[in-house]
Structure formats: structure tokens, C-alpha cells
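Q: Each residue of the first sequence is one higher than the one before, starting from 1 at the first, in this note's numbering.
It cannot be assumed that every hint is accurate.
[Said to hold, decoys possible] Calculated pairs, DSBU-like style, for lysine-lysine (alpha carbon to alpha carbon, straight line, at most 30 Å):
#  : residue 1 : residue 2
1  : Lys-271   : Lys-62
2  : Lys-496   : Lys-426
3  : Lys-243   : Lys-337
4  : Lys-216   : Lys-243
5  : Lys-62    : Lys-341
6  : Lys-438   : Lys-422
7  : Lys-426   : Lys-495
8  : Lys-348   : Lys-261
9  : Lys-243   : Lys-90
10 : Lys-261   : Lys-337
11 : Lys-94    : Lys-154
12 : Lys-452   : Lys-426
13 : Lys-496   : Lys-374
14 : Lys-462   : Lys-426
15 : Lys-62    : Lys-35
16 : Lys-62    : Lys-266
17 : Lys-438   : Lys-452
18 : Lys-454   : Lys-422
19 : Lys-35    : Lys-346
20 : Lys-90    : Lys-70
21 : Lys-94    : Lys-186
22 : Lys-197   : Lys-94
23 : Lys-346   : Lys-263
[Unchecked claim] FRET-style restraints, in silico, Cβ to Cβ:
#  : residue 1 : residue 2 : range
24 : Thr-245   : Ser-322   : 26 to 36 Å
25 : Pro-80    : Glu-372   : 42 to 52 Å
26 : Thr-316   : Glu-77    : 28 to 38 Å
27 : Thr-316   : Tyr-52    : 41 to 51 Å
28 : Glu-372   : Thr-316   : 37 to 47 Å
Bear in mind the hints are in silico, worked out from the structure with no lab data behind them. By construction, the Cβ of each residue, glycine as well, lies at the ideal position given by its N, Cα and C atoms.
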Amino acid sequence: MNNRKVRVRFAPSPTGPLHMGGVRTALFNYLFAKKNNGDFLLRIEDTDQHRYVSGAEEYIMKSLEWCGLKVDEGIREGGPHSPYRQSERKGIYKQYADQLVESGDAYYAFDSAEELDRLRHDAEANEQNFIYNATTRLNLRNSFTLSTEEVRQKLDSGEHYVIRFCMPEDQVVTEEDIIRGEVSFKTSLLDDKVLYKSDGMPTYHLANVVDDHLMKITHVIRGEEWLSSMPLHVLLYRALGWKETMPRFAHLPLILKPIGKGKLSKRDGDKMGFPVFPLLWTDPKSGEISRGYREDGYFPEAFINMLAFLGWNPGTEQELFSLEELTENFSLERVGKSGAKFDPEKAKWFNHQYLIRKADDEIAELFVPILESKGIKCPLNKDKLVHICGLLKERVDFISELWDQSYYFFQAPTAYDAQFTKKRWKQDTNQIIEEALKFLNTLDDWDAVALKEKFSDYVNEKGWSFGSVMNPLRLCLVGAGIGPDLFEIFAILGKKESIQRINSALETIHI
RNA sequence: GGCCCGUUCGUCUAAGGGUUAGGACGCAAGAUUUUCAUUCUUGUAAUAGGAGUUCGAAUCUCCUACGGGCUACCA
Numbered sequence: 001m002n003n004r005k006v007r008v009r010f011a012p013s014p015t016g017p018l019h020m021g022g023v024r025t026a027l028f029n030y031l032f033a034k035k036n037n038g039d040f041l042l043r044i045e046d047t048d049q050h051r052y053v054s055g056a057e058e059y060i061m062k063s064l065e066w067c068g069l070k071v072d073e074g075i076r077e078g079g080p081h082s083p084y085r086q087s088e089r090k091g092i093y094k095q096y097a098d099q100l101v102e103s104g105d106a107y108y109a110f111d112s113a114e115e116l117d118r119l120r121h122d123a124e125a126n127e128q129n130f131i132y133n134a135t136t137r138l139n140l141r142n143s144f145t146l147s148t149e150e151v152r153q154k155l156d157s158g159e160h161y162v163i164r165f166c167m168p169e170d171q172v173v174t175e176e177d178i179i180r181g182e183v184s185f186k187t188s189l190l191d192d193k194v195l196y197k198s199d200g201m202p203t204y205h206l207a208n209v210v211d212d213h214l215m216k217i218t219h220v221i222r223g224e225e226w227l228s229s230m231p232l233h234v235l236l237y238r239a240l241g242w243k244e245t246m247p248r249f250a251h252l253p254l255i256l257k258p259i260g261k262g263k264l265s266k267r268d269g270d271k272m273g274f275p276v277f278p279l280l281w282t283d284p285k286s287g288e289i290s291r292g293y294r295e296d297g298y299f300p301e302a303f304i305n306m307l308a309f310l311g312w313n314p315g316t317e318q319e320l321f322s323l324e325e326l327t328e329n330f331s332l333e334r335v336g337k338s339g340a341k342f343d344p345e346k347a348k349w350f351n352h353q354y355l356i357r358k359a360d361d362e363i364a365e366l367f368v369p370i371l372e373s374k375g376i377k378c379p380l381n382k383d384k385l386v387h388i389c390g391l392l393k394e395r396v397d398f399i400s401e402l403w404d405q406s407y408y409f410f411q412a413p414t415a416y417d418a419q420f421t422k423k424r425w426k427q428d429t430n431q432i433i434e435e436a437l438k439f440l441n442t443l444d445d446w447d448a449v450a451l452k453e454k455f456s457d458y459v460n461e462k463g464w465s466f467g468s469v470m471n472p473l474r475l476c477l478v479g480a481g482i483g484p485d486l487f488e489i490f491a492i493l494g495k496k497e498s499i500q501r502i503n504s505a506l507e508t509i510h511i
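All chains, full assembly: derive it from the sequences and hints.
A: What follows is the structure in C-alpha cells.
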């Protein structure tokens, strides 16, 4: 229909921390934009002053940044359509509301919130619906029932008013959704939505349509919760005379609770022990803290990859995609229609995949702060730490879990796992270990491979079973039945420390 | 209640009328291993139900059921 440059926007309200569903919406917008060499804008929709939460805006930007979603135009980046915060655009909406009134597509209404509430309640009591539209507007206080004179007078006297869209009486609005195909709505069932509030602010609907038009947005990609307002928006574009450049719509399926019914909420995360927000969030009022994916140890690449697969798939069997690869392969046509239950286990799996693909030295670097938090200060040379990380990364999903797998490298055992001891430390074990210790003392080449070879020969020579020697030795060095190849542990610990640990164990363990 | 959207293994999903309905997560078993893991192999398990259209339906149509969203001077 035209070859305008693709421009999409992510338009959250700063009413709290950005939910992972919101991040996914941002991600899909970003991917679509970049795939089509377009622009990705961030617009803050803060037309509701009551729900404004301080810090939310900053949080949104930090979250996108952490995820690697670079914004082309936004409140911080600026751009040709500044400002990008709707509260700062307040002045530009009124003229469009006025335009609609003039063309007869909107009208003034003076009903109080209480009056309308009462009508809704009454209708509900009678198992009816109250809809402010053609069926009722002639019984209410508005430009239809009041004379031009009266309306003028009320307006001039400063009485509170709103501007409502005049929903056509009997039309069918049909619009193509990129994900869902054609969707139709009967206007007789829709209501005369408020476009302009009595506080002088536009509602979401007006501001959204006006800004998308002014900012030359070509595709509106948003959550399914907006699908029902698509006809209103379509009608607004038409009424405003912007039919030709109206963006195309794509409504994304929702992210649902892992178990049970309904969409994913903050509660579910608390209950089941997973984050629903990208970053840690401290509520400015209550001080309540919500965990974040970042702080929980997720890599942004893993988080993004996981999110992308909630509702989208490439149609191949590849599951691991970098942001660049996602961008290359993304298409709205491959986004599913149905809501996706979030699976925290799969999220961990994604993180594991990214973790094991990281270079050992990078992992080591990330592990250092955790070691320091445990009071371990550069206990080993860097090579050894890198080696440890390489040895153990397969076993964990998060960097922080490395500690549970490796603590014995940094501190000698102070206790010995009772169960393992019982199972592996037999009557003759002390004697065997003492002999083995003598042999180990004679060895100077304390390299894992050499050690393994020489010690294995020795064990064979003595006619011992491997298990009867190795398991107790593991207990001596580690204090428990965990860890990688024992000779690797020997090598990393070094001869002196290894011998010392065996001696201590021999002194401590009695059966 | 009304309107709109949806429904393939427990979960994420593939299969654009013809496949033994495929993959991944999870779970289970086996193999490997000096422990614990890893790894490898195998298994587990699905087209919501009912009508139609068709030689043939997971795929198209309708009905039912179930799920979800919206129904504010909130976004």
C-alpha cells in the first residue's frame, strides 16, 4: 500500500516495573523493526497521573538496556518527534479532540462519574449492560441532549466535561490483524469511549492514535489485551482523516501462569519462586522488593531467547538464538495466536545453555564476586580458577550455583558427609589410605594426567578396587561425595594441600 | 452477562488436506563413571468433544465445551 519506512513503538505506562510480558512486547517490536530496517521508538504513555509511579520510567529504560534492545527514538534518545513522553505532549491532543467534535465524530459529555456508576450498577442489578452509546446517549447529559447554547455556557463556565467518541450506530468494523487475520466488531455493541478527560489529558485511545500518526508509526505491535480496542482505534484513524497511513495491527498472545488459570502475575513469581520482572524492583511506596531476572543470575541473552520462544518459533529445530539471529529470523507471521504458559524450568535450561557456551575465563570473572561474597579472596591463581569453572560449568544453571559445586577448592573440609562416609569408609580404609598416602608422597609430578596414570598403576598393583580407594580419598579431599574427576581435584589443590587434607581426614574419621 | 480471541504430548511448539503427528523442556529407564553430575541411548505422552465438506482432515466449515482478554474520565 505504501513504502514508508517501518517504524514501531513500545509504549508502556510508567505504572510500575515492566513485566516480562511487556519486555516480550518490546522485544517483538524491536525484532520486527530491525528485521525490516526500521526504527524502534520508546514512548511513555503517562496520561494517567494517578497511576504514575516514580522510578518506573527509569526502570523501563534500564530493562530494555539490559536486554540489549536499543531504542532509536525515545525520551532519553530524543528524535524528530520529541517529546516522547505523553504528559509533555499534552498541548497537542486537544486540537484533535476539537477536530472530532467539529466533524461530528465526538461530542461533549457532562455526566458525572457518580451518575454513570449508578447507571452501570442499576443495569447490572437488572442483568443488563449499560453502554454509553447510541442506545443511551440521548438520555444523558451531552451535546445531543443539551442545546448548543447550554453546552457553550457550561464550557465557558468551566464545568467539568469530557469528550466522547460518537460510536456509529450500526456498522461492522473489520480490520486485518497480522497475527489473527480478519477481525470484525459490531459498533452497536461498542461504547462511546472517552477521548479527552476532564483533567485536560487525553485518554490512552486518543493519545495513542494521535501519537502513532504523528510519529509515523507503521505497525502497532501490542498485547492481546488491546484487541478489543482495535475497532475504536480504526474508527479514530478514519475520523481523523488518516486512513491512508493507518498502521497495521498485530496483537500478541498473552503469557500465562505456569499452573492454573489466567495471565502471569507478580504473585505467581512469588509463589513459585521465579522472577516476573527483568530487574530487581523496590516499590517506592511499600518498600516491597520484587526479584529480577538479572539479579537471579540470568544472562540477558538467555532471558531474551526464552522470551522470544514464548509465542514465536523459527519453524526449525534450532532453539538457541542470539539477538542478531532472532532479528534475522523473526517474522510476525510465525507468532502463534494462543497464550503461552510460562515454564520456569525451561527458562533455567536456556540459561544453562548460555552458561556452558561461555568461555571458562569469562565464567571465572563472573564467579569472582561470588567468591568474594563468601569471604574467599583470590585464593588461587587465575588459571586454576578458570580451570575449575571449566570443570564445573556443565553442572549448573547459574554462576552462583558454582559455589555449591566448588567450595571445597577454597576451603578444606571441616566435616565429612555422614552418609557418604558410612557408605564408603570401611574397616580397612584407614590402612589403605595410609598406604596410598605414602605412595602419593613419593610422587612429584602433580599433574592430573600423570597422577592418574601413576596412581592407577599403583592401585592395580596393590590389587585394590578403585572404589575402595578413590571414594575415601574423595571424602578426604572434598568432605563429600561430589565433584569432578578426583585427579583434577588433586592437581588443583596441589600436593601440599592434598596431603594435608588426607592427613586431617585420617585423624578425624573413625568408624 | 455481553463482545472479541483462542484450543496439538504435563509445558513451549512443528506439521501451510495425504507423515509411524516431529523437536525441545520435564519426567523415567539403561549405558558410561572412583562419587555426584555431565554425556549418550531409549522410553513417556497430544490433535478438547461432536457433526459436516472431502477419496482423504490436526489442517476447511458449523455447533458444544473449556481457556483467555476486554467490558473506567486505567493503560
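Q: If a hint holds in the structure, say so; if it doesn't, say that too.
A: Quick rundown of the hints versus the structure:
no. : hint                             : in the structure
1   : Lys-271 with Lys-62              : holds (26 Å)
2   : Lys-496 with Lys-426             : holds (26 Å)
3   : Lys-243 with Lys-337             : holds (26 Å)
4   : Lys-216 with Lys-243             : holds (13 Å)
5   : Lys-62 with Lys-341              : holds (26 Å)
6   : Lys-438 with Lys-422             : holds (24 Å)
7   : Lys-426 with Lys-495             : holds (25 Å)
8   : Lys-348 with Lys-261             : holds (22 Å)
9   : Lys-243 with Lys-90              : holds (23 Å)
10  : Lys-261 with Lys-337             : holds (17 Å)
11  : Lys-94 with Lys-154              : holds (18 Å)
12  : Lys-452 with Lys-426             : holds (23 Å)
13  : Lys-496 with Lys-374             : holds (24 Å)
14  : Lys-462 with Lys-426             : holds (17 Å)
15  : Lys-62 with Lys-35               : holds (23 Å)
16  : Lys-62 with Lys-266              : holds (19 Å)
17  : Lys-438 with Lys-452             : holds (16 Å)
18  : Lys-454 with Lys-422             : holds (28 Å)
19  : Lys-35 with Lys-346              : holds (26 Å)
20  : Lys-90 with Lys-70               : holds (26 Å)
21  : Lys-94 with Lys-186              : holds (28 Å)
22  : Lys-197 with Lys-94              : holds (10 Å)
23  : Lys-346 with Lys-263             : holds (18 Å)
24  : Thr-245 with Ser-322: 26 to 36 Å : holds (34 Å)
25  : Pro-80 with Glu-372: 42 to 52 Å  : holds (47 Å)
26  : Thr-316 with Glu-77: 28 to 38 Å  : holds (34 Å)
27  : Thr-316 with Tyr-52: 41 to 51 Å  : holds (44 Å)
28  : Glu-372 with Thr-316: 37 to 47 Å : holds (42 Å)
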